[in-house]
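Chemist: Line by line, the protein sequences give chains A and B.
Under our numbering, the first residue of the first sequence carries the number 1, and numbering increases by one thereafter.
Under our numbering, the first residue of the second sequence carries the number 1, and numbering increases by one thereafter.
Derived by calculation from the structure, the hints in this document are not laboratory data.
Quick caveat, the model's predicted, so the values are computed rather than measured.
All residues carry an ideal CB built from backbone N, CA and C; glycine is no exception.
Please note that the accuracy of each hint is not assured.
Said to hold, decoys possible - Calculated pairs, EDC-like style, for lysine to aspartate or glutamate (alpha carbon to alpha carbon, straight line, at most 16 Å):
#: 1; chain 1: A; residue 1: K398; chain 2: B; residue 2: E345
#: 2; chain 1: A; residue 1: K115; chain 2: A; residue 2: D193
#: 3; chain 1: A; residue 1: K79; chain 2: A; residue 2: E176
#: 4; chain 1: A; residue 1: K399; chain 2: B; residue 2: E345
#: 5; chain 1: B; residue 1: K205; chain 2: B; residue 2: D106
#: 6; chain 1: A; residue 1: K12; chain 2: A; residue 2: D303
#: 7; chain 1: A; residue 1: K344; chain 2: A; residue 2: E280
#: 8; chain 1: A; residue 1: K375; chain 2: B; residue 2: D363
#: 9; chain 1: B; residue 1: K344; chain 2: B; residue 2: D303
Unchecked claim - Here are the computed distance ranges between Cβ atoms for each label pair:
#: 10; chain 1: B; residue 1: E129; chain 2: A; residue 2: K399; range: 30 to 38 Å
#: 11; chain 1: A; residue 1: G254; chain 2: B; residue 2: R118; range: 36 to 44 Å
#: 12; chain 1: B; residue 1: D127; chain 2: A; residue 2: Q358; range: 53 to 61 Å
#: 13; chain 1: A; residue 1: H283; chain 2: B; residue 2: K115; range: 58 to 66 Å
#: 14; chain 1: A; residue 1: K399; chain 2: B; residue 2: R192; range: 30 to 38 Å
#: 15; chain 1: B; residue 1: K399; chain 2: A; residue 2: G364; range: 37 to 45 Å
#: 16; chain 1: A; residue 1: G234; chain 2: B; residue 2: G74; range: 34 to 42 Å
#: 17; chain 1: A; residue 1: H283; chain 2: B; residue 2: P158; range: 31 to 39 Å
#: 18; chain 1: B; residue 1: K399; chain 2: A; residue 2: D147; range: 51 to 59 Å
#: 19; chain 1: B; residue 1: Q78; chain 2: A; residue 2: D147; range: 50 to 58 Å
#: 20; chain 1: A; residue 1: Q358; chain 2: B; residue 2: P228; range: 40 to 48 Å
#: 21; chain 1: A; residue 1: T123; chain 2: B; residue 2: S175; range: 49 to 57 Å
#: 22; chain 1: A; residue 1: H283; chain 2: B; residue 2: R192; range: 34 to 42 Å
To be verified - Reference listing, derived: stretches of chain B covered by chain A, where coverage requires no fewer than 3 residues with Cβ under 8 Å from a Cβ of chain A:
#: 23; region: 4-14
#: 24; region: 123-135
#: 25; region: 214-222
#: 26; region: 344-350
2 protein chains.
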Amino acid sequence: MADRPIQSLGWKTPLQSARKRNMDILAQRGVSGIMDVLSPGVPPGSDTAHLAIFGYDPYNVYRGRGAFEALGVGVSLQKGDIAFRCNLATVDATGQIIDRRAGRIDSVNARTLAKALRNAKRTRHNDVEVIVEPATEHRIAIILRGDGLSSQIGDTDPHEAGMPVQKVKPLIKTSEAAKTADIVNDLSTVFRDILEKHPINQERKGRGDLPANAILFRGASELPKIEPLPRKYGVRIAAISGTALIKGVCRSLGIEIIEVKGATGTLETDVEAKAEATIEALHDHEVVYTHVKGTDNASHDGDVSQKVRMIERIDQMIGNIASKVDQDTVMSITTDHTTPVETKEHTGDPVPVTISGQGVRRDGVKNFDEISCAKGGLNKIRGIDLFPILMNSIGRTKKFGA
Amino acid sequence: MADRPIQSLGWKTPLQSARKRNMDILAQRGVSGIMDVLSPGVPPGSDTAHLAIFGYDPYNVYRGRGAFEALGVGVSLQKGDIAFRCNLATVDATGQIIDRRAGRIDSVNARTLAKALRNAKRTRHNDVEVIVEPATEHRIAIILRGDGLSSQIGDTDPHEAGMPVQKVKPLIKTSEAAKTADIVNDLSTVFRDILEKHPINQERKGRGDLPANAILFRGASELPKIEPLPRKYGVRIAAISGTALIKGVCRSLGIEIIEVKGATGTLETDVEAKAEATIEALHDHEVVYTHVKGTDNASHDGDVSQKVRMIERIDQMIGNIASKVDQDTVMSITTDHTTPVETKEHTGDPVPVTISGQGVRRDGVKNFDEISCAKGGLNKIRGIDLFPILMNSIGRTKKFGA
Chain A
1 MADRPIQSLG WKTPLQSARK RNMDILAQRG VSGIMDVLSP GVPPGSDTAH LAIFGYDPYN
61 VYRGRGAFEA LGVGVSLQKG DIAFRCNLAT VDATGQIIDR RAGRIDSVNA RTLAKALRNA
121 KRTRHNDVEV IVEPATEHRI AIILRGDGLS SQIGDTDPHE AGMPVQKVKP LIKTSEAAKT
181 ADIVNDLSTV FRDILEKHPI NQERKGRGDL PANAILFRGA SELPKIEPLP RKYGVRIAAI
241 SGTALIKGVC RSLGIEIIEV KGATGTLETD VEAKAEATIE ALHDHEVVYT HVKGTDNASH
301 DGDVSQKVRM IERIDQMIGN IASKVDQDTV MSITTDHTTP VETKEHTGDP VPVTISGQGV
361 RRDGVKNFDE ISCAKGGLNK IRGIDLFPIL MNSIGRTKKF GA
Chain B
1 MADRPIQSLG WKTPLQSARK RNMDILAQRG VSGIMDVLSP GVPPGSDTAH LAIFGYDPYN
61 VYRGRGAFEA LGVGVSLQKG DIAFRCNLAT VDATGQIIDR RAGRIDSVNA RTLAKALRNA
121 KRTRHNDVEV IVEPATEHRI AIILRGDGLS SQIGDTDPHE AGMPVQKVKP LIKTSEAAKT
181 ADIVNDLSTV FRDILEKHPI NQERKGRGDL PANAILFRGA SELPKIEPLP RKYGVRIAAI
241 SGTALIKGVC RSLGIEIIEV KGATGTLETD VEAKAEATIE ALHDHEVVYT HVKGTDNASH
301 DGDVSQKVRM IERIDQMIGN IASKVDQDTV MSITTDHTTP VETKEHTGDP VPVTISGQGV
361 RRDGVKNFDE ISCAKGGLNK IRGIDLFPIL MNSIGRTKKF GA
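Chain A extracted, bound-state conformation (with noise of 0.2 Å):
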């Protein structure tokens, strides 16, 4: 949500420029301030702003993004796991890369050959398992089972076309390493061979489409180690999200996922459905996060009028949440990172942010945006600090000392 001054809207943010009466309502009720997310500068990813948001420090915890997409999907990852984010994509019979996401293959056809690949032969190695689940399009979870692996290895995606699928090498010199690296050198060749003969494939080619014929892997990962978030605070903790690597975060953290339907991670996600999710969900848990995505969408797309239309419609969101539940509520709202629309990257800019209810100081600031929270109470925090702050408003943070 959050974003720099743009001329277009007369050198406002896009959250200056949006009606959103519902977020300045919370804001002068409460406390403001601004966010380094990671550190001064740092433009953050989605997943380790999240940890940092959690309360984690990304920079002792992160292990790569790969474990997350898998518990996203729906994996239920196991220490010692080895996770994959990987592709469908399109290669010429050289081994070089037409297209990285195979044409943007659809999701039925990329599931029928992600389950295919369950069969497949492998060469050596047989005492580790191999887990393949689909997501989205080209996108599919591969998890690696066994003893004896490491995460510390590169990737077989070089991450961009016209160049060849890579051999995968080690990055520290162990058993381990070397053991994973070959798995996955071994499960590129064997996978390329089923994936040519299916014929799904054959179809597509028939047709003229690009083939999904190769896999590329990329962001091996292990789960973090970590104090699971409802244990350290005593609290019953539930997400909303439409996007699978937030819901892999929040799975990582110990927190519950509560599936909304029309929560799509998109422009066009329900936020209707996902108000009556969170004010539903208050009822038996201390503690709910609500996530939408649609305004990093509509700046990744540099689309300045979708993120306001988007913003607005967050707002409504807020409203409706906010007049069904108690007025002692705390209640924070906050953007993961800032993504301008100029850039249509993450940047490092610090982030807006605002806590209202029971307790919560006032300090006289009127609008939820960049410039007038940086103005408030809460001066500048670090995306570590905002749920220790949250949880001493509700008082669920322990004391040091005596």
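Model the placement of chain B on the given structure of chain A, informed by the hints.
Modeler: Just chain B now, kept in the frame of chain A:
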């Protein structure tokens, strides 16, 4: 002194409601801010808060409360000493606790009983000296002095009535922890015997009062290993406080304690006497710390009007001091934690801080309170930053680099 908005005060805090002209004048002459005493959202104890305010990181140096209590009642602790906060308590014939404070026995009788414990005939480890020092009412400091001891042991105090006195267990597997636990368990038994037979307890029973027939041990602790504050900055520094714990923390940092008659650590404390002692101490000390506990007592009692009245008395004390010291004197006001009258417990909300005097910038803040200070030129600082900032204003910090 710090609090949250209170409905009966029209959503103002006690600091915002109180008449406190002298504090406001200091704010107007200087620079203000808010301070996370330990870390955002973390409720500080009075001991850890004071370590932080004097520039020591409690997360590194804090070793429990017992040592500070012992120093506070005048025991000179040595390196390796293990100090306990103990209670005179009442137990029944089966060892079950009836009252953890022995019916709040008076200080005179408690003192006689404590002294009787000094002659205990222990059954083992007689190489270790046992120091027994009565404090107020049921409180006693007990110190073990000798080679090969450890503070890594539990409590005999179950912290609630209706439970039996516990057998102490070592928290780590070392011979030192085992030996220390063994001594405490021995003392627990032999003390019980002495107390049970003591004439004072026979009299108490005769009158129908609860006998003080057991000692509860808790908070085994050592002195923090630190560089003393006067050496760190090359200053003579004195503290004035009516609270044993605070005097103990100050002594542990090498701060001289000035005993003031009438400084009681309660709502009735003599703030005039404290003001006079502060002015007097400034003749031969570069730094004087003056502590008033009363606002915290009012907060723990949930008494808004007492709290406002106490703030007004503190304001008079500050006015007295300000009128009698050199205009250039650097003065700083802060609170060691927030204790909202509504929660009656320490919380992790930030506290206001103001600094005025020669060379200190003026930020235009007009009032000393939680909301106004948050808009000040100090912005938000951490507790451990305050003392270096004060020492810088009087030219006592050392340059780092060339």
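Chemist: A:H283 and B:K115, beta-carbon distance inside 58 to 66 Å?
Modeler: 59 Å, holds
Chemist: Within a Cα-Cα threshold of 16 Å, do B:K344 and B:D303 meet the stated pairing?
Modeler: Answer holds: B:K344 to B:D303 is near 9 Å, not above 16 Å.
Chemist: Could one say that the CB atoms of A:H283 and B:P158 fall in the range 31 to 39 Å?
Modeler: 36 Å, holds
Chemist: Is the hinted range of 51 to 59 Å satisfied by the C-beta distance from B:K399 to A:D147?
Modeler: 55 Å, holds
Chemist: Could you tell me whether the CB distance from B:D127 to A:Q358 stays inside 53 to 61 Å?
Modeler: Between B:D127 and A:Q358, where Cβ atoms are some 57 Å apart, the hint holds.
Chemist: Holds or violated: A:K398 with B:E345, Cα cutoff 16 Å?
Modeler: 11 Å, holds
Chemist: Is the coverage entry for the region 214-222 of chain B by chain A consistent with the three-residue Cβ rule at 8 Å?
Modeler: violated (count 1)
Chemist: Between A:K79 and A:E176, does the CA-CA distance stay at or below 16 Å?
Modeler: 15 Å, holds
Chemist: Hinted pair, alpha-carbon criterion (16 Å max): A:K12, A:D303. Please report holds or violated.
Modeler: This hinted pair holds, its Cα atoms lying about 15 Å apart.
Chemist: Need the status of pair A:K115, A:D193: alpha-carbon distance at most 16 Å?
Modeler: Cα-Cα ~14 Å, so holds.
Chemist: Residue count check for the region 123-135 of chain B against chain A: does it reach three with CB-CB under 8 Å?
Modeler: violated (count 0)
Chemist: Does the Cβ-Cβ separation between B:Q78 and A:D147 fall within 50 to 58 Å?
Modeler: 52 Å, holds
The structure fails hints 7, 11, 22, 24, 25 (numbered hints given earlier, in ascending order).
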